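Here are the chains, one letter per residue:
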Amino acid sequence: MVQNTYYPDFDVLNSIKEWDPTTADVVLKRLGPFPPLKFLRGEEEMRLRVIAKHLVYDTRDDIFNWVIHFIDNRLNEGIGEYQREPDAPSEDILVREGLIAIDNLSYKIHQKDFLNIGIKDQFKILSDLQVGKAASIPDWSKIPQKQLFDKLLILTVSGYYSHPTVWSEMGYGGPAYPRGYYRIEFGLTDPWEAVRRNEGDKKKIDKEDSDGV
Amino acid sequence: MEYKTSVKHNYDHYKGHRYDNLDHRKYGDKEADVCIIGVGAAGGVLLYELANAGLDVVGIEAGPFWDPQTDFASDELHAYSLNWQDTRLSTGNDPLKFGPNNSGRGVGGGTTHFTGVFYRFHESDFRVKSTDGVAEDWPISYQDLAPYYDKIENDIKVSGPKHFPWGAFNGPYPYPEREPISAMAQVFREGCENLGIRSSTTPLAILSAPFDGRPPCTNRGFCNEGCLPNAKFSTLIQHVPKAIDKGAEVITDSMVTRIMVDKSGKVSGVEFSHKGEYYQQKAKIVIVAAFAVETPRLLLNSACPQFPDGLANSSGLVGKYIMPHSGHDVYAKFDEEIRLYKGTPVMACTQDFYESDAKRGFVRGYTLNAHGNRPLAMAKVTALDAGYWGKDLREIMLNFNFYGMITLVGEVLPHIENKVILSDQKDEYGMPRPEIHFTYGENDNNLIEHGVEKANQILKARKGKPAFVAADTGHLLGGCRMGDDPEKSVVNSFCQSHDIPNLFICGASVFTTSGGANPTETILAIAARTGDYIADIARKGSVE
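Protein chains in written order, with the working numbering: chain X, 1 to 213; chain V, 1 to 544.
Since the hints were made in silico from the structure, they are not lab data.
Keep in mind that this is a model prediction, so the values were computed, not measured.
Treat the hints with care, as some may be off.
[As the list claims (entries may be wrong)] To give an idea of the interface, some chain X residues facing chain V are shown, with a C-beta separation under 8 Å as derived from the structure:
1. 5
2. 6
3. 23
4. 27
5. 28
6. 157
7. 184
Think of the CB as a built atom: it goes at the ideal place given N, C-alpha and C, for glycine as much as any other residue.
All chains, full assembly: derive it from the sequences and hints.
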């Protein structure tokens, strides 16, 4: 898998001395180290890690250590999930039972567990879940497919797009208090903001190729 | 870790006193004049207005008393704590999402995380049935609210244009418009210009110059995450501290679970839960100002022998006729950087499509807002609402700086099947979780189609390439609609319940129709008007 950035020279963390202490603390905690997991157990973490990587198309474990930690903490806290369908299980059950269901689905189709099928097949399973068209297994009577996919996606996206490395690659200027932004008009940037390189200068930041993706 | 970041504050606040327990309450077993449930947009204004009128007033808030300097961060994930995260059950053909785009938790409520967009409703919004033959007319006119719009705008120094082209009020606003405007606002206005559509800078509850010890905006863009510099208005920093100074008490981290009723059929106070213990606050008047979901939920959960179907519910309409705004986000990709993260999110708009136009095939209309964004918000709608994931999502987000966005704020007509009811699932307080049903109607869908098309035309007219549309919603209104007829509404024009004279309901829940604009200013204006009315009643010594 190859990830590119238009902003190879930019690191949002170079501005951290300009951030207020609360924000700096919140963001730096995403770089680890992380305490032991509280909710995820056994192979759950490995399955979730692979799925999360596919959902946002990235493979860097340092980033997914944070994503997994975020999801684990969220599921463990039980602070509320804004909304769910009346007949859907709570998100902790949805994820836990859903990961088992994904494994069962993999067995039914490939006679192997999810971690041992090819990446292409793993993507196919996720695609089927997204539209609620995965092969029939008993698990789907209590685990709604699309809601499972959406839950895994929103949890992953929430963690992933909160990581400062990902911000840097997007050229996102990041936290700006107390400094603020001043050159906000079209075509203008403040001196500390990301500078875009031309398409031809895209820097490969990860040369790990994957088969068939 | 975000969710573990403990907010350690005091729970009981009144002038000169801050306590981290409830052992020293100002009124305790005594009866206050007024108890307000929910210290958000409406509750904060009511707290201030009633304390200012010399009444003994207590506000009870489910969430904390935020300190912006230590509790807010310039970070989207961290800001989840400002939202009402408690699980609600959401269903229907178009199930609503809750949290960042509607209700808040903590003193200030949704005003801590709104974009500061501050529109008045138009005159036609209050008489939709008379002019368009749909929905219901409000029991008040624009003119009834106009003085309160004026008052609120002056109290908080709204920054806006010298001339606003639409509606009954065309400016000028108390403070000058914000300048410069962001790149997104620029391309929006240029796109409108190219099509002959009128546009304007947006009136904002965000300072363009210092006021009241608060600085002007620095364009950091984090309005939705809680304003650290205090340049953006919220009742947390504006009304509530002044109310406390005038003698109001605010009890936080306390969930009101029941409104009490005495033998005569009047309300006598509330019961609330704090750290697992139950307390009571007696009051001559109770005002429920707890958002369009929690307000009907509490009224229904307070059913008692005198009112077996819930309080204020003789019409059977408590919880009915809820209305979000259709809030579709229309994205386009540009050849040059827009950098949506910079500047106040909304700095330009058009209301050229606000009023009904028989040629369009639907009634009522909408506002289009040029809209900024930050990575997590964009990734969430791109993934969940537009359906992108994997390589597609990564590719879009790597080009984050090249995307522009226009957001629709579309009027949604009231329908009785769109409602909040009590489910059979219980929460941590033992209260039934609210179950919210929502389905768009045909008029709503036609309006959305028109609005999305117009937004795309504007983006295209400025060389944006339409990319994708995220079917989002914003705000939530109704559930305890106001009206003159007790059989067709829950409260009268002063937010007083038809059934129980000393029970008031105020805030987003009393809207009869949704209008086609961000509702915060109207919520505040209604609250200020209700505050005047209650103060007047109190002066006369009766709530009959």
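> Taking each numbered hint in turn, which are not upheld by the structure, reported in ascending numerical order?
Replying inline: Number 5 only.
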